[in-house]
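Turn these sequences into a full structure, and let the hints steer you where they fit.
Protein chains in written order, with this note's numbering: chain A, 6 to 533; chain B, 6 to 533.
Quick caveat, the hints were computed from the structure, so don't treat them as lab data.
C-beta atoms are modelled at their ideal positions from N, C-alpha and C, and glycine is treated no differently.
Hints should not be assumed to be uniformly reliable.
Said to hold, decoys possible - Under 10 Å between C-beta atoms, here's a sample of chain B residues computed to sit facing chain A:
no.: 1; residue: 142
no.: 2; residue: 222
no.: 3; residue: 227
no.: 4; residue: 256
no.: 5; residue: 278
no.: 6; residue: 378
no.: 7; residue: 380
no.: 8; residue: 467
2 protein chains.
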Amino acid sequence: MALPARGVTEHAEHAATRAVSPLHAAAQRLLGSRRLILAANRGPVSFSALADGTLRHRRGSGGVVTALSQVSEHVPVTWIASAMSDADRRAATDPKTLDAAMQHGGVRARFASVPRNVFEGAYNVIANPLLWFLQHEMWNLPERPMIDAATMRAWREGYVALNRAFADAVLAEVPRNDRSPRVMLHDYHLYLAAERIREARPDALISHFTHIPWPSSSLWQVMPPVIREEICSGMLANDVVGFQTRRYAHNFLRSVETFLPEAGVDYRSRAVHWRGRTVLVRSYPISIDVGATRRIAASRAARRRAQEMLDHAAEKIVVRVDRLEPSKNIIRGFAAFESLLERRPSLRNKVTFLAFLVPSRTSIREYRDYGRKVNDAAERINARFAHAGRQVVRIYYDNDYAQALAGLTIADVVLVNPLIDGMNLVAKEAAVVSERDAVIVLSETAGAYDQMADGVLPVAPADLLGTAEAIWSGLTMPVAERRARLVRLRAGVEREDISWWLRRQLEDLADVAEFRQAPASATAGQLR
Amino acid sequence: MALPARGVTEHAEHAATRAVSPLHAAAQRLLGSRRLILAANRGPVSFSALADGTLRHRRGSGGVVTALSQVSEHVPVTWIASAMSDADRRAATDPKTLDAAMQHGGVRARFASVPRNVFEGAYNVIANPLLWFLQHEMWNLPERPMIDAATMRAWREGYVALNRAFADAVLAEVPRNDRSPRVMLHDYHLYLAAERIREARPDALISHFTHIPWPSSSLWQVMPPVIREEICSGMLANDVVGFQTRRYAHNFLRSVETFLPEAGVDYRSRAVHWRGRTVLVRSYPISIDVGATRRIAASRAARRRAQEMLDHAAEKIVVRVDRLEPSKNIIRGFAAFESLLERRPSLRNKVTFLAFLVPSRTSIREYRDYGRKVNDAAERINARFAHAGRQVVRIYYDNDYAQALAGLTIADVVLVNPLIDGMNLVAKEAAVVSERDAVIVLSETAGAYDQMADGVLPVAPADLLGTAEAIWSGLTMPVAERRARLVRLRAGVEREDISWWLRRQLEDLADVAEFRQAPASATAGQLR
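And the structure:
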């Protein structure tokens, strides 16, 4: 769950006040007079066609968009996204429409546009059903995936082609006289784009950041060699390859070592030597815009929703906020809560579980099936434990960010128990908006755990009793300890916020740029 | 698929001729006048009760039994196994019955006996549904496992208790005056047994060998902390911890580092420093008894079966031999074959796929469901491609080792495409019994791949087209290349056979023994 992308325009007004911030300085150092070129599947704007054929636009949404919207507060940005609909494809050919749509923001929006069937193959055959499932370890391996001729066609004619289109769209935005454009590529849709950019502009400075986990190479090993090798070598066309955690960065290094034996992998300096270049492999844990998150949590709408919830809830409140997504481990979360109510009868009328579940990928059968099982679990618990007409589990199934944040403000315990998660921003949002000294129960397998270990209660995702016990500990923890934990967590999130995430990437890229310009003798080996 | 355990008695007669072998020397060096104490879930003998209550015995079966039966050819062995039935439990209390059952072998058989419900918890809740599935990455993680109160009870009152019973059974076999018994523990049923043996006999020399994969620590991370920590610390009570491959050994080291932060893990020397002791972590790829395998393949029964198969098969023959087990990836193997027939019409009447599938764990629903899907796939292919009444896929669903070996002798291509496999002995059996210069198509994810990479055609398990292409390459490969590959593979299996596997373990344990006896000053740090 992440802040909706209001940032693009709403936050621009704050840019002036941050002009001297370290982030701004890093951006200046990296870019000089250049625009930063961002590329990500989703963009700051998307289009739909009205009945009369005119195009209507709306702001983009999703976690990556929210994070990247930060960038535009500090630097001039050209942002290239997938044309995901026919309306997008029409807008793609018309820069004036695009510029008009973005007139209130600091962003120049562009589309990488491919025919619908090409995009379908890239997105609905490769990126979401294959790469997302692989990287979240969500396969039932004895039966899936079956990588057949249709999959391989979608790879070559869809994913590879879309990445080529992204590279071309990036190159089209590079001024003729700029031999070293600054390009940031984002996420698992764009593993291959750097290679073609590098061919055309060998001196480009390119980074790629993967927002989702990078699993052990033994999982990549089930994939056809051509896919895993092209992904690894495609990534190595970047100058900096970024991941959410050190473990994912380590897993990537090991994948490169396994699948590209001719690459030189240096675990200590976290670098790969590849085709005469050095590629840095780094971790940049993503975070939230603390101020914006707090403003929404303090809004009148959120306050009103919080009060309504309090009116209908029991004394103690457990909250979860998640896309309705199998990797979020929602069923086990409910099962753990059920087991807690079984084992602690004294709790039965004293606690309400509010689950804010955001609809997601409802066109994929696994997601629909999963949603049904989530509902069944909630109904089962209510049938067993509802008291005086009051549900013990209440599901809010909609995409209402202010409402979800309102839930986090009133939680006594926030349950964040994903099976695996690139980062998980709910844990960080909870830390900054809680008004009841919430105890955060967090999976050790969430990327956020690395930063938050000293304040949360850890759980292993399949461990129902352990999860039940952690919720119980949270509900019964003395207020002084709850507060002390939350203070630590909050300070951490404030320190390592979204601008910290961005700044460190810009700084590392700027370091690479300076290293390149320095005389070779003075710096030889320095980046190793 | 492994040789049935005829070894225990049949091979004893060969022991004399091997008296001066390196294996025998290693055993002598380790044991002196001691008996070696082996412990494994299955033993050399099992019992059933006749209607009148008298006990009848038969020889044990399974891959581990076959491998361990080798040991008894060379050294006096006491072999402790689980009492798996009420008849076993009766026999357990009566050493005379046990000794009578083993009178023709060099083995003293004993049982670790626990009440039926304890065994059920250890075996049918923990070992097979939980540890086997985890270590073969067979979980559909969004839904399974659900580790609830019943699972945790089975852990404590089943698995932990059974391991305690094994330790006590081992200790009961140690002569009073032997302060340093030599004990070899086997496989995933016995991760905890060493700890209690070590407590009673601090100077014991204990090894543990895991016959199945050891996955990445990120998979262990979904498990309750108490389980993963007790497994790791239980393993570290051994002196030598052995795995099938270097990768599994590495994964174990990383698991220890992740779950036992106070352990000192040294990746370079592959050792763990733990509670004042040094534990060696090694790989010992298991193998086959080459001579015994060849004798069975050359037996009259096998020859007759081979001729019958040839009479009904097409010109070219593809063979697979596997337990009917989801990790063996049988469905994708058929799908790859189907895609080959689609793409190469010229092949359709010229090839037969013989699948020797051994019934396995039919009491587990996942196995039954999987078996049904395997059959459906075969029927679908036959419906599409059967010609003149001849099936293109023929399934032999029984446990007939000679028949399966007969299949391997006449194969042009042997398909061994598991999702993941501790070792896989079929690939090694095929290399030594082939009479048609078979090409072996082998998953990179099978443990055997590490030793056989330079002779096999590699495949990624989910890659249907790659697998189809590898089968095609095998079927069309010039005979000279087929032969050259097979010669290399055969030489490797002959060199690194089952006695090599055993000898290296005995030698490493003997080294530890000598290191302990040497004055500390002379050897300090030598085993690091």
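Here is what the structure says about each hint:
1. For residue 142 of chain B, the suggested interface contact is upheld, since its CB lies about 6 Å from the closest CB of chain A, less than 10 Å.
2. Hint status for residue 222 of chain B: holds, given a least beta-carbon distance of 9 Å to chain A, under 10 Å.
3. Taking 10 Å as the C-beta cut-off, the interface hint given for residue 227 of chain B holds, the closest approach to chain A being about 4 Å.
4. Proximity of residue 256 of chain B to chain A holds as hinted, the smallest CB-CB distance being about 8 Å (cut-off 10 Å).
5. Interface restraint check: residue 278 of chain B against chain A, minimum CB-CB distance 21 Å, threshold 10 Å, status violated.
6. Restraint check, residue 378 of chain B versus chain A: the minimum CB separation of about 8 Å is within 10 Å; hint holds.
7. Look at residue 380 of chain B: its Cβ only gets to about 15 Å from chain A, farther than 10 Å, so that hint breaks.
8. Among the interface hints, the one on residue 467 of chain B holds; its C-beta lies about 4 Å from the nearest C-beta in chain A, closer than the 10 Å criterion.
Violated hints, listed in ascending order, are 5 and 7; each of the other numbered hints is respected by the structure.
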